[in-house]
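Residues per chain are reported as follows:
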Amino acid sequence: MTRSRVSLLAPVALLLFAFPPPASAMHISEGILPAPWAALWFVLSVPFLIWGLHDLRVRSEREPMFKSLVGLVGAAVFVISCMPIPVPTAGTCSHPCATGMAAILIGPALTVVITSIALLLQALFLAHGGLTTLGADIVSMGVAGAFAGYGVFRLATTLGVSRWPAAFLAGLLSDWATYAITSFELASALHGNASLGQTFLAIAVAFCPTQIPLGILEGIVTAAACRFIEKRRPGLIASLNQPHGGVA
Amino acid sequence: MFSLFSDFFACRDNRFSRIDPRVKLVVATTAIICVILSTSVALPVAVFLLSVVTTLALRIPVRLVALRLAAPLGIVAVLALLQSFTSGSTPLWSVPLGAWTLTATREGVHAAALTASRVCGAVSVVLLLSLVTPAHRIFHALRWFHVPQGWVEIAMLMYRYTFTLLDLTADLTAAQQLRMGYAGAGRALSSMGAVCGTVIIRSVDQAIRTHEAMVLRGYRQQIPFGPMPPLVAQDCCVTGLAVVALLLLYAAVGRAA
Amino acid sequence: MKRNGLAIEAADVSFAYQEGTLALTDVDFRANYGEFIAMLASNGSGKTTLIKTLVRLLKPQKGIVRVAGREIGSYPQAELYQTVGLVFQNPNDQIFGATVEEDVAFGPRNLSLAESEVQQRITDALKAVAAAHLRERAIHHLSFGEQKRVAIAGVLAMKPSILILDEPTAGLDPAGEGMIMRLLHRLNRQQGITVILATHSVDLLPLFADRIYLLNRGRVLREGPSREIFCDRDLIAQASLRLPYVSHLLDDLNRLDGVPIEGMPLTLGEARTQLLKLIPDEVIVKPPAKEQR
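Those sequence lines, one after another, are chains A, B and C.
Note that numbering that gives the first Met the number 0 has the first sequence beginning at 0, numbered continuously upward.
Note that numbering that gives the first Met the number 0 has the second sequence beginning at 0, numbered continuously upward.
Note that numbering that gives the first Met the number 0 has the third sequence beginning at 0, numbered continuously upward.
Any given hint could turn out to be false.
[Stated by the list, open to error] Listed next, the stretches of chain B that the computed footprint assigns to chain C, with coverage defined by at least 3 CB atoms under 8 Å from CB atoms of chain C:
| # | segment |
| --- | --- |
| 1 | 67 to 77 |
| 2 | 123 to 136 |
| 3 | 160 to 173 |
| 4 | 215 to 224 |
What the hints contain is simulated information worked out from the structure, not anything from laboratory work.
None of the values given here were measured: they were computed from a predicted structure.
The beta carbon of each residue, even a glycine, is placed where N, CA and C say it ideally should be.
This is chain A alone, in the form it adopts within the complex (with noise of 0.2 Å):
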């Protein structure tokens, strides 16, 4: 067993003095995933877009202008998504996800729609996930981000917890629940004939210089942008997240 240690143990330290994880480190890049992976990916993906797109129906019907509010809204939070955020303990600047801003700005089921949007664009502009792994990254950001940060956020406010507080919580779980399930599809990927939870393990902690401070700043950008919109423009957010969507 030391061997595997060991094993474990030694990019990680190559990692961090040699080479900062990218940026971009939590989109899961085009042909890392084998064939069969990534079609499971789509599958489990399929529901929550459908889902979503349900959610836009019903609540356009109730709301003539609901579809160009996600729409704008959506190129809002992708636009922040592209935001740096410098990461003092990688020394590069990392990418916000901004799914948990999104699910509770319009919802988590929307949020997937809009992060599989999001997601076609930077594969095809930037580069950054890709064609074949859609289903994966939707999977990671859009469900695994948008409905932790969604759940803490109702749960925190149900439990009294004020707005920005309870913003922090969205961000940062959001985050760190992207970077847990994008470990996991890549170690279920790839582990060949190691042990799964070893190279769960071994992502985990491969990543976990970028990603810990990342959810902890996005965070903090999420309960910032949260305060400033309750700032000047108070009860915008609990107007667009009632069930019926709508601006007041």
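On the provided structure of chain A, position chains B and C as indicated by the hints.
Chains B and C only, in chain A's frame:
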């Protein structure tokens, strides 16, 4: 970052950008699937070389190609290291590292090489596709492939207003920077929060006005898509030939001996 | 399209926003078919609100809006929007398509027209705004002036008989400003489209506008041909506006220096004629004949 996100090259006119987007989507998808199904390094490397040569032949700057490939290659490097050292059983060589010894295995290195070649091959295909096809033509084609209307509509709106909001973000950030908004970590984070908040508020206002303007031009809850030009025989031939060629290539060199 | 009578009318219209701001008070606004009308007003004087009531984006609490003599509420959507078109101030509000062609096609396609008719309308509309060469271009690669023209084309493709424009020249360079005004003039004179534009740039208006509505704080201060509006310097100042620079200069010469200027010249041409009358022939050195225009 902002300048990278550009479809400047996709809007240029050349032999490849004139091909019907549906043809390009089908061929590119087939190529990527062949690449990720391949169990030998040869096919992905062949596809990679082919796409990169084509890309450069279209006079896309080398710098841009390298920049776009850099991000996925970074991840690949990490994963390749992990795979070389963590999986497999036949020792290949060892690296002494302080008290430990790192052992790379034959299987691990092979798996790593395969993963790396697959990523290079597949990413280069997507890169080529994106450099010769503007996004709006891809959306149009997706609608033709029966991707749901709601999804495509939102994708169009997102794509269109991303540029507007990117400009806004760049202006806001620059204005903050000029007034010391990014001096110190705490101030930087709160400045970023303010930018995010402003972008979101602006997007909601923009949504209201965009919707009003759409209603005034007869919008009835569905953006109408014009007809796609009919697929001509030439398009079908190109698609057929390319797909067959890829499958033959897969059959010939796609599987490891 | 030439018809007589009222194209669009707001009678005694008042509008207050939900938070209580009174944006319009007893506004009477009328435009006849084929007229070129300017709403001249400083920022925040209610012109955008008035425009929005004219296209039914806002419903006034008091008063009535009629289009072609019919109450605006009675129009079905498609009919109303093929009668009245609105060009927004910021082209970003309006243009959402990714390419020029796609965006201009939006209106006609919503009308479920045959594809050949859609294409024809795109061609015509782009030609009318001198933007035929932009057809295939992506919106985000256009200059601001080009975006403005494409936004106008998008509305023209609906073939409205009344075209309303909110600040069509705001943010444009002098050449762009002149270009927009000339093409609106052409649309008005050649195609008989009733043009209503809101603006606070005064220099070009006397050349183009048949009538001007001077708005201030949600009220109509005065209405009439540009000559009548601009003859009252105090009224103009009251509305936080100014005379065209050339009129200002000649008015100052008249009032402060006693130069005998008749009336109020509003355009460069008028001013030139007036000054030439006053300058003795012997001080004028005639330029060579070929350079005379």
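Each hint, compared with the structure:
1. 67 to 77: Per the Cβ count (0), the hint is violated.
2. 123 to 136: Per the Cβ count (3), the hint holds.
3. 160 to 173: n = 3 at 8 Å, threshold three: holds.
4. 215 to 224: holds (count 8)
Hint 1 from the earlier list is the only one contradicted by this structure; the remaining hints agree with it.
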